[in-house]
Amino acid sequence: MTKIKSALISVFHKDNLEPVIRKLHELNVTLYSTGGTEAFIKKLDVPVNAVEDLTDYPSILGGRVKTLHPKVFGGILSRREMEEDVAHLETYDIPPIDLVIVDLYPFEETLASGASEQEIIEKIDIGGISLIRAAAKNYKDVTIVPGMQFYPELLDILEDGNGETELKDRKRLAAAAFDISSHYDAAIYGFFSDDQKAASLKVSESNFLPLRYGENPHQRGRFYGDLSEVFDQLHGKELSYNNLLDVDAAVLLMNEFVDAPPTFAIMKHNNACGLATRDTLKLAYTDALAGDPVSAFGGILIANREIDSQTAEEINALFCEVVIAPSYSDDALEILKSKKKRIILTQKESDFPSVILRSAVNGIRPNFAGRCPESGHCKSQAF
Numbered sequence: 048m049t050k051i052k053s054a055l056i057s058v059f060h061k062d063n064l065e066p067v068i069r070k071l072h073e074l075n076v077t078l079y080s081t082g083g084t085e086a087f088i089k090k091l092d093v094p095v096n097a098v099e100d101l102t103d104y105p106s107i108l109g110g111r112v113k114t115l116h117p118k119v120f121g122g123i124l125s126r127r128e129m130e131e132d133v134a135h136l137e138t139y140d141i142p143p144i145d146l147v148i149v150d151l152y153p154f155e156e157t158l159a160s161g162a163s164e165q166e167i168i169e170k171i172d173i174g175g176i177s178l179i180r181a182a183a184k185n186y187k188d189v190t191i192v193p194g195m196q197f198y199p200e201l202l203d204i205l206e207d208g209n210g211e212t213e214l215k216d217r218k219r220l221a222a223a224a225f226d227i228s229s230h231y232d233a234a235i236y237g238f239f240s241d242d243q244k245a246a247s248l249k250v251s252e253s254n255f256l257p258l259r260y261g262e263n264p265h266q267r268g269r270f271y272g273d274l275s276e277v278f279d280q281l282h283g284k285e286l287s288y289n290n291l292l293d294v295d296a297a298v299l300l301m302n303e304f305v306d307a308p309p310t311f312a313i314m315k316h317n318n319a320c321g322l323a324t325r326d327t328l329k330l331a332y333t334d335a336l337a338g339d340p341v342s343a344f345g346g347i348l349i350a351n352r353e354i355d356s357q358t359a360e361e362i363n364a365l366f367c368e369v370v371i372a373p374s375y376s377d378d379a380l381e382i383l384k385s386k387k388k389r390i391i392l393t394q395k396e397s398d399f400p401s402v403i404l405r406s407a408v409n410g411i412r413p414n415f416a417g418r419c420p421e422s423g424h425c426k427s428q429a430f
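Numbering (my numbering), first residue to last: 48 to 430.
Read the hints as simulated data drawn from the structure, not as lab findings.
Mixed in with the good hints, there may be bad ones.
Claimed, not checked - If you anchor each label on the Cβ, the simulated ranges turn out as follows:
hint, residue 1, residue 2, range
1, V341, P257, 31 to 37 Å
2, V93, S253, 28 to 34 Å
3, D378, G410, 44 to 50 Å
4, G237, P257, 24 to 30 Å
5, V341, H265, 23 to 29 Å
6, S401, Y104, 46 to 52 Å
7, L299, P257, 21 to 27 Å
8, K284, E213, 51 to 57 Å
9, S374, T324, 14 to 20 Å
10, G110, N318, 52 to 58 Å
For every residue, glycine included, the Cβ atom is placed at its ideal position computed from N, Cα and C.
Full structure from sequences and hints, please.
Right under this line is the structure:
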């Protein structure tokens, strides 16, 4: 167990920070901060030491340089068990820092907002990302809180340990810190190298959806991304890995018929086993089904128009895993919902990647060190 005696706090968002500050004050933790975070702490009538007083150097360059100083990073990176490091702290009057709390500048949000290039550049955090990496590197002695989403976890740790932290908690937070820092840098790289000829491939996605199972029922699977940007699920069980592959093939195929007359396609194992364009959607469905009624069993159905009740009645006579359409009439939806497990998706207008990334042979693979994230031991899952 390591006792937290001092903390450096430098955050962009102040949401939900107050309970953390008050808990640290209750535990008699010495606080260091700068800029807006320092002002926020002072408004709570909690004692706080300005980083500028520690470093004897003011914030300069419009706030670009505040915490980048040996008296800050020395206190974070010093190895408490090494006599030489401890002697350096004493010689240069550097206080050890046991807890670092950072919430980075919102680079991705600024980029997505359509801000000017200069505004985007200014939201590239330098000091914060350096604090995160330094504290995470020295997790044996320092606790890192790399974002406001970890405040509840920190409060639990402080409460349970009465201000002391365990190595396992510090290491877990360090892993989260490097996850955040690598994702942050990948986003910045993407901004600067908006070119398919870029030499390196960087993929970082934090959002994921657990799938019903992986390629086989004994495997687990995840979809990385935000499916809610493309679909609203109105009914049915969770998607499986194989469902998602078929759904992907169906959507890509129907994208070719967005402006066409009523069109219906039936997919099985990533291939179309029936497709028809007709004057009515019902006729398009029945003719698509006629293409290969055997393979259509258990397939994925997709339409480029609202599904009406007459078409839904025809569909309901077939066992199918998934139905996809831009919309459904109320009567059609009730008919299709009569099958409890049938997945019903409404497809939204959305953009799709212009480049498709696929892994083959020994190419790109998930960085899980050969382990499944949930169980930690199997190597054959589908992601």
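Each hint, compared with the structure:
V341 and P257 have their C-beta atoms about 32 Å apart, which keeps the hinted 31 to 37 Å range intact. For V93 and S253, the hinted distance range of 28 to 34 Å is satisfied, since their beta carbons lie about 32 Å from each other. Our hint of 44 to 50 Å for D378 and G410 holds, since their Cβ atoms are close to 48 Å apart. Between G237 and P257 the C-beta distance comes to about 26 Å, which sits within the given range of 24 to 30 Å.
Taken as a hint, the range 23 to 29 Å holds for the pair V341 and H265, whose Cβ atoms sit roughly 28 Å apart. Distance hint check for S401 and Y104: the Cβ-Cβ separation is about 47 Å, which falls inside the suggested range of 46 to 52 Å. Range check, L299 to P257: Cβ separation about 24 Å, and the 21 to 27 Å hint holds. For K284 and E213, the Cβ-Cβ distance of about 40 Å falls outside the hinted range of 51 to 57 Å, so the restraint is violated.
S374 and T324 have their C-beta atoms about 19 Å apart, which keeps the hinted 14 to 20 Å range intact. Between G110 and N318 the CB atoms are about 57 Å apart, so this pair conforms to the stated range of 52 to 58 Å.
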